[in-house]
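Q: Sequence:
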Amino acid sequence: MRKMTAALAAAGALALTITTAQSAAADGHGRGWYGVWADGVNVRDINEGNCVHSPSTSNCPTVIGQINSWDEVLVYCQVPGQTVGGNPYWVMVAPRGWDKYGIISSYYVENNTNWIDGVPGLNGCVI
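Residues -23 to -1, 1 to 104, numbered by mature numbering (1 follows the signal peptide of the UniProt record, and there is no 0), are exactly what the sequence shown covers, in order.
Worth flagging that the hints you see were computed from the coordinates, not collected in a lab.
Just so it is clear, CB atoms sit at the ideal spot from N, CA and C, and this is done for glycine as well.
Any given hint might turn out to be false.
As the list claims (entries may be wrong) - Distance windows between CB atoms, simulated: (1) W47 x N27: 28 to 34 Å; (2) E25 x G74: 20 to 26 Å; (3) G74 x W14: 29 to 35 Å; (4) W47 x G26: 30 to 36 Å; (5) G62 x D94: 16 to 22 Å; (6) D16 x P38: 19 to 25 Å.
Can you build the whole structure from these sequences, using the hints too?
A: What follows is the structure, given as structure tokens:
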């Protein structure tokens, strides 16, 4: 019984280590791949009107596609905009497998805080 308990404890510690390593982006470590936690998230055209300087559903009305909870997005930069779910930031992204860029509310990005540490603001929005 003690051997089984020790083996289970070791397996749990290993699983925790692997899970922590795989979710490093969720702690905000700069540009990179981040998961999306919701289904049907609208990816909006960043090239319209005042979208890049003041993102909102009205300033970025054109939806170029949707992403779901199993998708990942490459986050390039973040800017303040319309508050969604208590989060006032939006991120410029390239969803995995897409050949175009867009913008989504940072609220839908798997991260522990609203602002993603290490991801540049508007002045860093260079692709």
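Q: Each hint needs a verdict: does it hold in this structure or not?
A: These are the hints, each one checked on the structure:
no., hint, verdict
1, W47 x N27: 28 to 34 Å, "holds (32 Å)"
2, E25 x G74: 20 to 26 Å, "holds (23 Å)"
3, G74 x W14: 29 to 35 Å, "violated (18 Å)"
4, W47 x G26: 30 to 36 Å, "holds (31 Å)"
5, G62 x D94: 16 to 22 Å, "holds (19 Å)"
6, D16 x P38: 19 to 25 Å, "holds (21 Å)"
The structure fails hint 3 only (numbered hints given earlier).
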